[in-house]
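Colleague: These are the residues of each chain, in order.
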Amino acid sequence: LKLQFLYFIDTTQAMTAILREVSCQIGELSRADGCARYRHGETEVLCSVSGPMVALEKRCDVTKAVIEVVVKGTDETTRAGGGSRVLMDHEKYDDTLAVSEVSAVVQSCMGAVVQTASLPRQRLLFTIIVINNEGSLLSVAVNAAMLAVLDSGIPCTSTLAAAQACTIDSKLILDPTLAELEKSESAAFFAHIIASDDGVVASSTSGPAMTSDLYWLYLKTTRNASTTLGNLFRKFMQEQKGARQDDTLDEDV
Amino acid sequence: MKRGRAVAGPAKKQKTSSGDKPEKENTKLREELEIYENLFFNKYCTDLVDQGLRHDGRKLLEPRPVGVTCGVLSTAHGSAMVSQGASKVICGVKGMLAPAQGSNGDEGRIEIRCMLSEVAEAGVSLDMLNAQQRGNAIAQFVKKMLEATQTIDCKLLCLKENTVAWNIHADVYILNSDGSLKDTCLHAVVAALLNTTLPAVEVKDDETCLRPDSKGLALGIKKYPIALTMGSFKGSLLTDITQREESLGGGITVVYDSTSKLVNIQKEGGTPFTEEALRKCADHAKSRAKSIKQEIEKGVGSKEKKGSLF
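Protein chains in written order, with our numbering: chain A, 1 to 253; chain B, 1 to 310.
For the record, the hints were derived by calculation from the structure and aren't laboratory data.
If a hint is listed, it holds; no wrong ones were tucked in.
Derived coverage of chain B by chain A (criterion: at least 3 residues anywhere in the stretch with Cβ under 8 angstroms from a Cβ of chain A; other residues may be distant):
no. : region
1   : 132-144
2   : 147-155
3   : 261-270
By construction, the Cβ of each residue, glycine as well, lies at the ideal position given by its N, Cα and C atoms.
Using the sequences and the hints given, assemble the complete structure.
Modeller: Quick look at the structure:
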């Protein structure tokens, strides 16, 4: 089942803050319980969720489900050419930390919204495949995981959406590309609960030019972007539900 | 067990003619409290928070004492051991010569590694894969905070352009884990870097040689990050949360630099925070950062024998 939507979203504040083109394909993988292929511009991620299934003994929690996240990049060849062992080790170190960050953030965000208390001694396995990374990977991975959970029907307390932003020459840019992030003076990542005006689930900033006022501005801008994305998620799921019903009717005929 | 009588901390001794009976009663009460705490931790904390207390006897906004000791490892170029309550972390810093990096070939590099000891969380089965991932996540956080505050000038580490530069390796080893690990690891790395003196090196015709008679290179740190982890439970903010309190609703780590400028508010999952709660956390962390800075400077300034660990 493939459903594809392309939207341009313009969320204008005092400065222009625009999300890149968003597209989503839900339910591509038949073996997974839920799956979403999610794209912002050129950054694309495929996320599948399997579970709930029985947890391994050493990772079992008797009070709630355990969430495991595995992150894989499709391009695992090192960019450092030649025979420089030191440079290859440095790249491997940087990539390991970046993958750990994505894994930790997705795990904590999903832990905040999935009703893990109703699934004791179980585990949920998220597999995230980074098809292409052109900036804002954290927010794309979190949104893809959220859509995969919605597709799977695993019970959730709420829905969240994530967005990233950065500043270049004192201008705020939403959903930055890799080139923009490299030039940026500061950057931020936020994940908000969609249905509530105030509900920050995850937050992280970087860059030497961060200030208190800038932090609150990032929070407000990404909250608006998350609300827009939340409406999109709702539309994705409604269209998918409609398409599944049509498929069922076709089978009967 | 009567409701509302949950007491954190040892019960007071009552003076009676026979001293054994109240002692036995106190022991029994303590044992019952422990069982109640372990089985119904959420309820236990709810009762205590209503009285303005926490499970370890502290007030809601009372932090744990911070201890900083520098120069604990004789083999490292710089080292520090930091304790925050029961959380204990040791960090060793070593400089290694490597090819100069950066777009102009004039920068050194800093790498952080964080490992969770197998006995750090005794009593809880430690999944090594999970421990490695957690260690990497903490290492990534520490690295980002050092970059955000520009703690180390990487250009200062370059000995000769396009040839050789210092690579700083900071290895953090978590000896005992009891919550707020991000703070403790960050302070340990900062204290170790402040304690670091790299050996004097001379570069001649692309060959490097040590100059033990010359003065070593200090890292020239002007500002550094200071963190505080807080939590939220039943609408109340808790400062410097323990591991058990983290299980109640996650934590939020606020980072200021040593000049009281906000660097980061790191939140990873758990109970959603409102903007008002975030602002309260930021204000509280700002005032706490000053006392942590004093502890770090006291630890770095004190003369400690090299090789003494405890």
